[in-house]
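Undergrad: These are the residues of each chain, in order.
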Amino acid sequence: MEEQLFLSEDLPIDPSATSSLKETTYWTRFLTICFVVFIVLMIVATIGMIVAKDLIMQSIPSSIPFGKLGVMGMIIAMALVIGVMSVFTYFLFEFTSQTKKAFDQQDQQALERGITGLKNYLMISGVIGILSLVGAIFKLFTLL
Amino acid sequence: MELYNEEIQRLTVTPALKEQFIQTAKWAKIIVITAWAGSVLSMVFDAGSGEWGAFAAGFFSLGISVAIYIYLLKFGNEIKKGVNSNDPQLFNTGLFSLRTYFKIVSLLLIIILGICLLIFLFVIVFAVLRK
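Chains Y and F, in that order, are what the protein sequence lines are.
When the letters of the first sequence are read in order and numbered with the working numbering, they come out as residues 1 to 144.
When the letters of the second sequence are read in order and numbered with the working numbering, they come out as residues 1 to 131.
Since no wrong hints were added, every one of them can be taken at face value.
In the BS3-like style, the derived pairs of lysine-lysine whose C-alpha atoms are separated by at most 30 Å in a straight line are:
no.	chain 1	residue 1	chain 2	residue 2
1	F	K26	Y	K139
2	Y	K100	F	K81
3	Y	K101	F	K103
4	Y	K22	F	K26
5	Y	K22	F	K103
6	Y	K100	F	K26
7	F	K81	F	K29
8	F	K29	Y	K22
9	Y	K101	F	K26
10	F	K81	Y	K101
11	Y	K100	F	K103
12	F	K29	F	K103
13	Y	K22	F	K74
14	Y	K22	F	K81
With the Cβ distance kept under 8 Å, some of the chain F side facing chain Y (calculated, not the full set):
no.	residue
15	R10
16	P15
17	A16
18	P88
19	F96
Now the in silico label distances, taken between C-beta atoms and shown as ranges:
no.	chain 1	residue 1	chain 2	residue 2	range
20	Y	D10	F	I119	45 to 55 Å
21	Y	A77	F	T14	41 to 51 Å
22	Y	C34	F	F122	13 to 23 Å
23	Y	V37	F	I33	29 to 39 Å
24	F	I124	Y	V44	15 to 25 Å
25	F	P15	Y	V84	27 to 37 Å
26	Y	S86	F	A47	32 to 42 Å
27	F	T14	Y	M57	50 to 60 Å
28	Y	S63	F	V123	29 to 39 Å
29	F	G53	Y	P15	44 to 54 Å
30	Y	D10	F	L121	50 to 60 Å
31	Y	M74	F	T14	40 to 50 Å
32	F	F120	Y	G67	21 to 31 Å
33	Y	G48	F	T12	46 to 56 Å
Hints were generated in silico from the structure; no laboratory data involved.
From a predicted model like this one, the values you see are computed outputs, not experimental measurements.
Don't be surprised by glycine CBs; every beta carbon is placed ideally from N, CA and C.
Please put together the full structure from these sequences, using the hints given.
TA: What follows is the structure, given as structure tokens:
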């Protein structure tokens, strides 16, 4: 009951919270730039693989089972990684830019958009984490 | 100082924003649980395979994982408590933990990129010397 009462009240953002959030955006900006560079490199590598697909397939000995399918699978996997990383990076960028805008222009709406961006970023990370963990548990069962 | 006073007056954590913070804290805790469970499972695989080098690497990776995600866990717990009890002190500590988490992740990334760059330079120098 008391908790519900507190939830309906506003909580002031003081200089300490402002300083922490501002410094967080400096680090998230750095991470966003690194992710963008990684995505660009992945796109270049994927395009390279698509262009040189026939050449790579010819070099794979026919004795290797599913070797040619493996190349196609790799291209699909790389495209999937690019897609997930792009969404991931977009939400981190949203958090960085909107939170900075909120403090620069004292914009309450921008702060809400920024925190929503952070929530979405952590949500995607969490979903990827859950999927990886489920995969690892399945692997463990196959080993037993 | 004047700017800070202005910020105190204007920006607040509204009930809608509190809900967003609670959701963010929930996902932060899920990430921590999955990351730590994943690291422990990875160590179990390595121990099962009998490769002690891989097991040691897994143990090292678990240590790094604990060091990074402890701050995300602190963020999740303190933000939730701060928002639920309307306690600015706990809320600030939570945001400070979030800042530390992103700082550690960024610094680790800088170290990894530095090592990659060194390996790249080493390979180039080695290739030139071999010619």
